[in-house]
Amino acid sequence: MSAINKLSDKFLKSVNGKPYDGQKVVADGAGLSARISANGKISWVYRYRLGGRKSNPKWVTLGTYPDTSIKQAREKRDDCREWLNNNADPAIEIQLAKEKREKPITVEDALEYWLVEYAEEHRKNYEKHRAQFKRHIYPYIGSLPVEMVSTAMWCSCFDRIRKGQGKRKPAPVAAGLVFQGCKQSLVFCRKRGFVESHALDDLIISDVGKKQAKKDRVLTEDELFSLIEHTKSDKFPDYYRNLILLLVIFGARTQEVRMSTWDEWDFDNLVWTVPKANSKTAEKIMRPIPQALLPWLLELKFSTQRTGYVLGGLKRSEPVSQFGRKQWKQLGHKEPWTLHDLRRTMATKLNDLGVHPHIADHLLGHTISGVSGIYNRSQYFPEKIEALDKWLSYLNMVDRLKRDVKVN
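Residues 11 to 418 in the working numbering are what the sequence shown spells out, letter by letter.
Simulated from the structure, these hints should not be mistaken for lab results.
Where a beta carbon is used, it is the ideal one built from N, C-alpha and C, also for glycine.
Computed cross-link-like contacts, SDA-like style, restricted to lysine to any residue with a CA-CA straight-line distance of at most 20 Å:
| # | residue 1 | residue 2 |
| --- | --- | --- |
| 1 | Lys294 | Phe391 |
| 2 | Lys294 | Tyr390 |
| 3 | Lys81 | Val70 |
Each pair of labels, with its calculated beta carbon distance range:
| # | residue 1 | residue 2 | range |
| --- | --- | --- | --- |
| 4 | Ala162 | Lys68 | 40 to 48 Å |
| 5 | Pro285 | Lys325 | 15 to 23 Å |
| 6 | Leu106 | Val197 | 20 to 28 Å |
| 7 | Pro346 | Glu206 | 39 to 47 Å |
| 8 | Ser243 | Leu213 | 44 to 52 Å |
| 9 | Pro346 | Val197 | 27 to 35 Å |
| 10 | Val197 | Pro285 | 25 to 33 Å |
| 11 | Met158 | Arg316 | 53 to 61 Å |
Using the sequences and the accompanying hints, generate a full structural model.
Below, the structure written as structure tokens:
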């Protein structure tokens with residue numbers, strides 16, 4: 011084995027910056043050499059082969075002496091040898107490291123990378139994640155190199171949300187949700203080789219906030235009927251009246267109704283098909299349309315079809331959710347509920363009416379787990395229409411809808 015560490019500082023100092031007519035490349039060993047010019051400029055170079063002895067040798071510059079000391083040059087040589095052991099080209103690795111130093115990947119770069127490369131395709135609410143990052147993360151640490159941001163710096167962002175700041179109320183659940191988005195972003199970036207940060211690895215939601223409470227709110231019969239009657243008020247916004255009635259009738263998710271267009275509704279075959287793009291599960295959802303609802307739905311279509319949207323227009327999810335969260339107070343109900351709780355209410359009442367759980371799941375658009383979800387692709391239309399007829403009868407909905415359709 012060839013000797014290594016053959017050069018000395020004494021020799022390098024003796025030739026540095028002085029006229030030199032000696033050997034141009036002086037080996038230190040293990041691929042590292044000092045290249046000395048005629049005017050005494052010393053550069054550190056590393057010689058290597060990527061494909062074994064039969065391949066042509068390559069050279070890469072590691073720095074200049076004395077800015078890069080003999081000790082530092084040897085450390086860089088060892089890095090090069092490690093890269094070669096991992097089938098990486100030292101020249102490329104050095105260039106990547108230089109680019110990272112000159113233009114480091116920031117926190118905002120990392121979170122946006124996750125949003126664009128993953129969340130936009132797999133998360134229906136990716137814009138909500140972006141809005142949270144823009145409000146709570148980017149103004150404070152967004153411009154900092156992500157690899158330099160400590161756990162404490164991340165926690166200061168989550169603490170501002172958890173404790174509240176200025177006029178903002180404490181929001182521990184929101185802090186937990188923002189933390190989850192940030193942690194998933196960093197893991198995704200690391201897996202894809204975009205940037206590496208372990209600052210959030212050891213933290214869990216309870217370290218920075220609270221988990222979202224498991225929801226079990228079911229509206230009572232009186233609450234449900236009072237909501238339906240409330241929508242008939244002349245002061246009740248027309249858009250929300252039709253939204254709530256469709257949510258109550260079909261047990262659909264808010265986004266399925268909010269984004270629904272009339273081309274989804276087949277009145278010849280009495281089927282409403284929610285496309286994959288509007289479905290939380292990314293699966294098409296097919297719901298039968300009860301014959302008794304046809305007059306009301308056709309009136310609604312006549313009134314809104316010029317817009318293409320069932321509700322006469324498209325509103326963003328945030329204002330719709332905010333409107334829904336206020337209704338329990340306006341109705342004088344004792345406990346809060348949201349529009350999403352209408353789905354749980356329908357599922358619970360269908361069970362009380364003797365509807366089999368798997369039929370209720372199909373109506374609600376739940377993913378069917380296990381082997382049944384893979385092989386059983388039946389839509390159970392006869393059973394679903396029977397379940398909806400029972401539901402409409404329980405609500406006395408047909409009689410309740412016997413008035414003019416209201417739209418904006």
